[in-house]
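*Asks:* Counting in the numbering used here, the sequence shown runs from 1 upward without gaps.
Be careful, since some hints might not be right.
[As the list claims (entries may be wrong)] Subject to a maximum C-alpha distance of 16 Å in a straight line, what follows is the list of computed EDC-like cross-link-like pairs (lysine to aspartate or glutamate):
#, residue 1, residue 2
1, K353, E277
2, K139, E163
3, K256, E510
4, K198, D148
5, K198, E163
6, K212, E179
7, K212, E252
8, K212, E185
9, K256, E511
10, K226, E201
11, K353, D322
Since the hints were derived computationally from the structure, they do not count as laboratory data.
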Amino acid sequence: MGGETIHVLYVASGPPSTGDVSKRLDATADNLRVTTVDSGAVDALSTELADCVVCDCTISDPSASELLKAVRKEGPEVPLVLFADGVGERTADESVPSFVDAYVPKQGEENDHERLLGRIEDLVTRYRSETNYREVFEKAAVAMSVRDPETGRFLDANERYCELTGYSRGELIGRTSEEVGGEQEGYTADRAHELLRKTVEEGSQTVEWVNKRRDGTSVRVEATLKPAEIDGRTRVLVSIRDITDQREREAELERKNDLLERTQRIARIGGWEYDTESEELRWTDEIRRILDLPFDFDPGPESTLDRYHPEDRPRVQQAVEDAITDGDSFDIEARVRVDSETFRWLRLRADPKRSADGVFRIRGTAQDITDRKRREERLHELHHRTRELIRAETKSEIARVAVETAEETLELPLSGVHLDDGDGTLRGAAVTDAVREHVGEAPDYDRSCADHGDALVWEVFESGESRLIEDTDTDGALDLDSPIRSGLVYPLGDHGVFITSSPDPEQFGEEEQAFAEMLATTATAALDRAEREQRYDAIFNQTFQFTGLMEPDGTLIEANDAALEFVGATREEATGKPLWETPWFQYDDSTREMARESVERAQKGEFFRDELPIVGGDGEEIITDFSLRPVTDETGQVTLLVPEGRDITELKEREAELERKNEQLEEFASVVSHDLRNPLAVAGGHLELALEDCDNDDLEYVKQAHDRMESLIDDLLALARQGTEVDERMDVDLGSAARRSWRNVETEDVTLRVASNGSFEADPSRLGQLFENLFRNAVEYAGDAPTVTVGVLDDEGFYVEDDGPGIPPERRDRVFEAGHTTSETGTGFGLRIVERIATAHGWDITATEGTDGGARLEVTGVEMCEDGKTV
Numbered sequence: 001m002g003g004e005t006i007h008v009l010y011v012a013s014g015p016p017s018t019g020d021v022s023k024r025l026d027a028t029a030d031n032l033r034v035t036t037v038d039s040g041a042v043d044a045l046s047t048e049l050a051d052c053v054v055c056d057c058t059i060s061d062p063s064a065s066e067l068l069k070a071v072r073k074e075g076p077e078v079p080l081v082l083f084a085d086g087v088g089e090r091t092a093d094e095s096v097p098s099f100v101d102a103y104v105p106k107q108g109e110e111n112d113h114e115r116l117l118g119r120i121e122d123l124v125t126r127y128r129s130e131t132n133y134r135e136v137f138e139k140a141a142v143a144m145s146v147r148d149p150e151t152g153r154f155l156d157a158n159e160r161y162c163e164l165t166g167y168s169r170g171e172l173i174g175r176t177s178e179e180v181g182g183e184q185e186g187y188t189a190d191r192a193h194e195l196l197r198k199t200v201e202e203g204s205q206t207v208e209w210v211n212k213r214r215d216g217t218s219v220r221v222e223a224t225l226k227p228a229e230i231d232g233r234t235r236v237l238v239s240i241r242d243i244t245d246q247r248e249r250e251a252e253l254e255r256k257n258d259l260l261e262r263t264q265r266i267a268r269i270g271g272w273e274y275d276t277e278s279e280e281l282r283w284t285d286e287i288r289r290i291l292d293l294p295f296d297f298d299p300g301p302e303s304t305l306d307r308y309h310p311e312d313r314p315r316v317q318q319a320v321e322d323a324i325t326d327g328d329s330f331d332i333e334a335r336v337r338v339d340s341e342t343f344r345w346l347r348l349r350a351d352p353k354r355s356a357d358g359v360f361r362i363r364g365t366a367q368d369i370t371d372r373k374r375r376e377e378r379l380h381e382l383h384h385r386t387r388e389l390i391r392a393e394t395k396s397e398i399a400r401v402a403v404e405t406a407e408e409t410l411e412l413p414l415s416g417v418h419l420d421d422g423d424g425t426l427r428g429a430a431v432t433d434a435v436r437e438h439v440g441e442a443p444d445y446d447r448s449c450a451d452h453g454d455a456l457v458w459e460v461f462e463s464g465e466s467r468l469i470e471d472t473d474t475d476g477a478l479d480l481d482s483p484i485r486s487g488l489v490y491p492l493g494d495h496g497v498f499i500t501s502s503p504d505p506e507q508f509g510e511e512e513q514a515f516a517e518m519l520a521t522t523a524t525a526a527l528d529r530a531e532r533e534q535r536y537d538a539i540f541n542q543t544f545q546f547t548g549l550m551e552p553d554g555t556l557i558e559a560n561d562a563a564l565e566f567v568g569a570t571r572e573e574a575t576g577k578p579l580w581e582t583p584w585f586q587y588d589d590s591t592r593e594m595a596r597e598s599v600e601r602a603q604k605g606e607f608f609r610d611e612l613p614i615v616g617g618d619g620e621e622i623i624t625d626f627s628l629r630p631v632t633d634e635t636g637q638v639t640l641l642v643p644e645g646r647d648i649t650e651l652k653e654r655e656a657e658l659e660r661k662n663e664q665l666e667e668f669a670s671v672v673s674h675d676l677r678n679p680l681a682v683a684g685g686h687l688e689l690a691l692e693d694c695d696n697d698d699l700e701y702v703k704q705a706h707d708r709m710e711s712l713i714d715d716l717l718a719l720a721r722q723g724t725e726v727d728e729r730m731d732v733d734l735g736s737a738a739r740r741s742w743r744n745v746e747t748e749d750v751t752l753r754v755a756s757n758g759s760f761e762a763d764p765s766r767l768g769q770l771f772e773n774l775f776r777n778a779v780e781y782a783g784d785a786p787t788v789t790v791g792v793l794d795d796e797g798f799y800v801e802d803d804g805p806g807i808p809p810e811r812r813d814r815v816f817e818a819g820h821t822t823s824e825t826g827t828g829f830g831l832r833i834v835e836r837i838a839t840a841h842g843w844d845i846t847a848t849e850g851t852d853g854g855a856r857l858e859v860t861g862v863e864m865c866e867d868g869k870t871v
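The task is simple: from the sequences and hints, build the whole structure.
*Replies:* Right, here's the structure in full:
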């Protein structure tokens, strides 16, 4: 309790010995002050100064209940502890009033007062620490509790947590998981305590857990643990979500998949034998049945081979030849012609053996796997469609994809999805064209309608159990005036139903049922996700630092802590008023006008974004990237507005600094271009005149110095004018770009080789500068008559390498430094320019060893448009 005094009012109705407990309680802690009164003086009690009231009584005493009620009436908000003896577990559950915050049974032991003290401290701690988080805690849509990470004890629990676990708040407070729920294998109190400590040390944790309810049943939950500071103490907020049904649905789906896999293994199998010496082929009758051939059909090796599909025939022939020559067994799949238009898939397995009579024979089986292949194709397409369902964002889009899947993939042409409108009608959200042809417009099913079809559909929806109708003519419970004879109805959770039907009876066997159920299960999961995302979109999909929620008329109804703390306002002060009257828009009249404009545009469904100056509560002024996003329902109606703001002050300062540096670079480039080139040009002119008048070797050295100065100026200008980003890109061909740049370089006896090619997006001009500098570097350092190779990297990028002496490992990191060179004629800026160009494209460049030991420069991070191929 941090040394704060706790005032305890001890109401005693038992024998005089109870005073010993109150006295020991008073003497146990320095910060505890105990006032003991007789129960007969209840009418005169005053709990105004009490932090906790302890009633020492016997529950079986008829006056105990009246005593507790009287005490609670005097102090309705003060924690009330019942300290009683002679109470069994069942009696306590039935007899302890719900308004009692904690019940501590007497055990007649020396440490009774210590247990009582622990409960008192826990209750008072909770009572004092309940601040503004209480309203959020109680109104939370999920079950939540507050735990002490040091002891593992419950400090608080909201109503939803109590409903989920079956325990009252009084039964939970001050107790550990082991005390209220016992331990189950793998879900122990020690593990729970360790998770609490881990949350404090490492941050939020999410785990699956099995909680034991008060009635002894178990519930599987997803628990999210987050550290929180409450009343200056580190606590852990634990929110749990019941996932029992979800796991059961997953188990049920797994069971159905297992059933489908077992069904796939059911097949017809025939035997065959081939005598390699007599070249005689024999079949069992089952193979003839599979191929719809008469039982007297006599197969021949050549005619049988001709029956295989042209694409599969070479593989079958090669397998048989390998079995004959090498004795290899085989297991292959191939298509065999039944008639001019029909092929069936066979699984062919064979084991060559030499019999006792010395004859080499190949014996094997042929299994009809046509149905399995068809199922595999359906499963593959259903898997593809499942991804579409998961990506669908709205219920109407999910319904459309589900119906298309039923018709196109599962070959169920009469299918529809009908969703609950909340007013007693399951409306046709999506149906196939065939449904409209058979029954008119997309049918709706009214709960109040006496029609048997409507009643059947609503029965499935409300019970959550699917229904198979094999024949409406023989089903006595149905009297339908409809061309439909058979069908399937599957519930889609609390969203609606999926219906598929046929004008013919008994059209839905186990396979059709399994596929339809898989589709319905997937659609239900997609609808659940869409509903959750729509419901919590305004809370969880935030991307900016300051966030909030608004009514469509612009009234602010919520703001996050970051936004409130910056302007120094409480939630009560900031909410309940129009956006333009909130603290964030009081910089000047223009910001208030911006707020009005943003609301007007968002009300129309438009997204608004602009830069907003804000002055914080401490006078700090920042620039924010402000936006206002409308949230709409499926009809397009705006239901919420989400204001967002992100501090971009530093970004704006960096932009200003970058602009200043760019101006300096431009000024530098101007100086280099004009103030240095002009005198150099004059000097060069005089040098040419001097060379005409005098043949002097010293003048040649002057000319070389002038040429080097020209190179330095060119490289410095190129380096200064290389921007940090590339504005425009287009598709370029690696080989073409390299050859084009090669023609701009004096390569003398150097050879260019393009080993592999590809295309990517780049600025052609700056890419040309990159290659020219790399080629000049290779020409200068690679030695006599080198070969320069350009090619594509496997991990997205390209390289340029030579077969010269290479770059020593200790110098590879320095070659990109400005001014670094080992040549008397080099400027040291070439590879620095290359690095700047690569960086501007968002690429990386490194120096390494080439294939033949030469220098190799690799450019990575390039998004290639197609795979490289040798040219």
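*Asks:* Each hint needs a verdict: does it hold in this structure or not?
*Replies:* Evaluation of the provided hints:
The hinted pair formed by K353 and E277 meets the criterion: a straight-line CA distance of about 13 Å does not exceed 16 Å. Between K139 and E163, the direct Cα distance comes to roughly 14 Å. Compliance with the 16 Å bound is thereby established for this hinted pair. Between K256 and E510 the alpha-carbon distance is near 10 Å, which keeps this suggested pair within the 16 Å criterion. At most 16 Å may separate the alpha-carbon atoms for a hinted pair to count; K198 and D148 meet this at roughly 13 Å.
Straight-line distance between C-alpha atoms of K198 and E163 comes to about 27 Å, which puts the hinted pair past the 16 Å bound. For the proposed pair K212 and E179, the alpha carbon gap of about 11 Å is at most 16 Å, so the pair holds. Distance restraint check for K212 and E252: the Cα-Cα separation of roughly 23 Å exceeds the 16 Å cut-off, and the hinted pair is therefore not satisfied. In summary, the hint linking K212 to E185 is supported, as the alpha carbons are separated by about 12 Å, within the 16 Å threshold.
Distance check on the hinted pair: K256 and E511 sit about 10 Å apart at the alpha-carbon level, within 16 Å; holds. Between the alpha carbons of K226 and E201 the distance comes to roughly 11 Å, so the proposed pair stays at or under 16 Å and holds. For a cut-off of 16 Å, the pair hint linking K353 to D322 stands: about 13 Å separates their Cα positions.
The structure is inconsistent with the numbered hints 5, 7, although it conforms to all the rest.
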